[in-house]
Amino acid sequence: MLALRNRLQKGLEAKLDEIYINGTMEHHLPNNLNMSFAFVEGESLLMGINDIAVSSGSACTSATLEPSYVLKALGVGEDLAHTSIRFGLGRFNTEEEVDYVVNRMYEVVSRLRELSPLYEMAKEGIDVSKMQWNVTSAEH
Amino acid sequence: MAYSDKVIEHYNHPRNVGSLPKEDPNVGTGLVGAPECGDVMKLQMKINPDTRVIEEAKFKTFGCGSAIASSSLATEWVKGKTVEEALAIKNTDIVRELSLPPVKIHCSVLAEDAIKAAIGDWKKKRGDEAEAK
Chain A
277 MLALRNRLQK GLEAKLDEIY INGTMEHHLP NNLNMSFAFV EGESLLMGIN
327 DIAVSSGSAC TSATLEPSYV LKALGVGEDL AHTSIRFGLG RFNTEEEVDY
377 VVNRMYEVVS RLRELSPLYE MAKEGIDVSK MQWNVTSAEH
Chain B
498 MAYSDKVIEH YNHPRNVGSL PKEDPNVGTG LVGAPECGDV MKLQMKINPD
548 TRVIEEAKFK TFGCGSAIAS SSLATEWVKG KTVEEALAIK NTDIVRELSL
598 PPVKIHCSVL AEDAIKAAIG DWKKKRGDEA EAK
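Chain order of the listed sequences is A and B.
Sequential numbering from 277 applies to the first sequence in my numbering.
Sequential numbering from 498 applies to the second sequence in my numbering.
Pulled out of the complex, with its shape left as it was, chain B reads as follows (with noise of 0.2 Å):
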């Protein structure tokens, strides 16, 4: 398996690992993948309900080295992004950033669901307020 040299950096080095109160109101929790798969992730965002820009972000992964990477880097990217910039994140710009092979372009595929996962999080817990802006 050859890993990137960025892959390896975000493995040895991963960035904004950590929980964020899953109960506080401007906080959106992704949760996605399957421990079958051999790919769980937990994206979390602090957003401000305001400006709508994403404050914090943390992540926790059970998976590969791409996908340590992936949700890594995920959060690098939505931090001091609003939501709108942060729900264009494409999968595509991950596998280019770290150059990961097609076999592990499903981890790239499930950073990116974490990240809407955790906006539409954020979007249920304020209801229609969110909608209306």
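If we strip away everything but chain A, and leave its shape as in the complex, we get (with noise of 0.2 Å):
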């Protein structure tokens, strides 16, 4: 199970930047891996690999936009708590499908980072992070 959840990760280590680990290492269930995509918003890296079942770590579908208080308690920023993406490894779960599935992240993750604004700009050298977002009022 360690050794597969291993694999998920140095896998899309390998094929993508800019992703990140959210919680730690050492404390951390060997069946779990969560993690942030930056610049790619959560439910849409879903939609885009629909043949594989996993969660998104964002709480879009409840009436709030606010983003999953755990991952906030993890300390993981508010830039990348709406990229995070929660993978659940069970004992019947094959080398073959973490390649799968590293394959499929790397396919949908590039799409969609050449669809975001916060890509581009970050491209270009501004820090996302730091910015002064136009909120518009009628959200909230």
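Derived by calculation from the structure, the hints in this document are not laboratory data.
Remember, it's a predicted structure, so these values are computed and weren't measured experimentally.
Keep in mind that the hints are not guaranteed to be accurate.
As the list claims (entries may be wrong) - In the BS3-like style, the derived pairs of lysine-lysine whose C-alpha atoms are separated by at most 25 Å in a straight line are:
(1) B:622 x B:543
(2) B:543 x A:399
(3) B:578 x B:503
(4) B:578 x B:613
(5) A:399 x B:503
(6) B:613 x B:543
(7) B:576 x B:519
(8) B:519 x A:399
(9) B:519 x B:555
(10) B:587 x B:555
(11) B:587 x A:406
(12) B:578 x B:519
With the hints as a guide, bring both chains together as one complex.
So, in structure tokens, the structure goes:
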């Protein structure tokens, strides 16, 4: 199980930059991996991998636009809070399945980063987490 | 989450993804939303200064499928319209077209705001000249 989880983590880290593990690796369930994929929103990620069962770390489906309070407690920054995906591994998962997930994640994250204004800004050298955002009053 | 076929279609084949040169005096840029809210839309338009027709529109969005679809649809709708016609687009039109559920209505509001922000930016760049027309 741990080997599979490590395979997933190493596979993703090899293919994608700006991805972060949420929570400490020391006290971590061996079947769980929660990662943030910067510049890509979690729910849109889920739509792209609809043949894989994972969950998004954001609370988009509830009436509030607030991100997961657990992630917040783990110290995940606000700009990364909506970019998190939780991978849960079971004892019937295989190496092939892990490799498949790695490749699909790479495809979808790359595609969505091309669509992302935050990725564009980051590539231009703008620190997205330090920006002042123009949130319209209509939203609140 | 029940996504309508149209939302899925826009998600899989978004229209007009990309950027226009911000420095171009005929380009208006609207950037709305915030990462902490999970939705950021950048909508740009190239507007003919004489006819006030929106000749080109591009978008980039950080957000859920409904947000991507709303902004993709917005670029489709504004192209070929005059500035005044584009300003008349209401978020409710987007909700209806994409069959957005109540929890996703804010995505359509953001898209409407993005259209207005882009046009506002263009007007500002032109100064009083545009207002006088």
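Here is what the structure says about each hint:
1. Among the hinted pairs, residue 622 of chain B with residue 543 of chain B is consistent with the structure: their alpha-carbon atoms are about 12 Å apart, no more than 25 Å.
2. Restraint check for residue 543 of chain B and residue 399 of chain A: the C-alpha separation of about 23 Å stays at or below 25 Å, so the hint holds.
3. Among the hinted pairs, residue 578 of chain B with residue 503 of chain B is consistent with the structure: their alpha-carbon atoms are about 22 Å apart, no more than 25 Å.
4. Our distance criterion of 25 Å between C-alpha atoms is met by residue 578 of chain B and residue 613 of chain B, whose separation comes to about 14 Å.
5. At roughly 31 Å between alpha-carbon atoms, residue 399 of chain A and residue 503 of chain B are farther apart than 25 Å, so this suggested pair is violated.
6. Restraint check for residue 613 of chain B and residue 543 of chain B: the C-alpha separation of about 14 Å stays at or below 25 Å, so the hint holds.
7. Between the alpha carbons of residue 576 of chain B and residue 519 of chain B the distance comes to roughly 18 Å, so the proposed pair stays at or under 25 Å and holds.
8. Restraint check for residue 519 of chain B and residue 399 of chain A: the C-alpha separation of about 16 Å stays at or below 25 Å, so the hint holds.
9. Distance check on the hinted pair: residue 519 of chain B and residue 555 of chain B sit about 12 Å apart at the alpha-carbon level, within 25 Å; holds.
10. Pair hint residue 587 of chain B plus residue 555 of chain B holds up; C-alpha atoms about 19 Å apart against a cutoff of 25 Å.
11. Between residue 587 of chain B and residue 406 of chain A, the direct Cα distance comes to roughly 32 Å. Violation of the 25 Å bound is thereby established for this hinted pair.
12. In summary, the hint linking residue 578 of chain B to residue 519 of chain B is supported, as the alpha carbons are separated by about 21 Å, within the 25 Å threshold.
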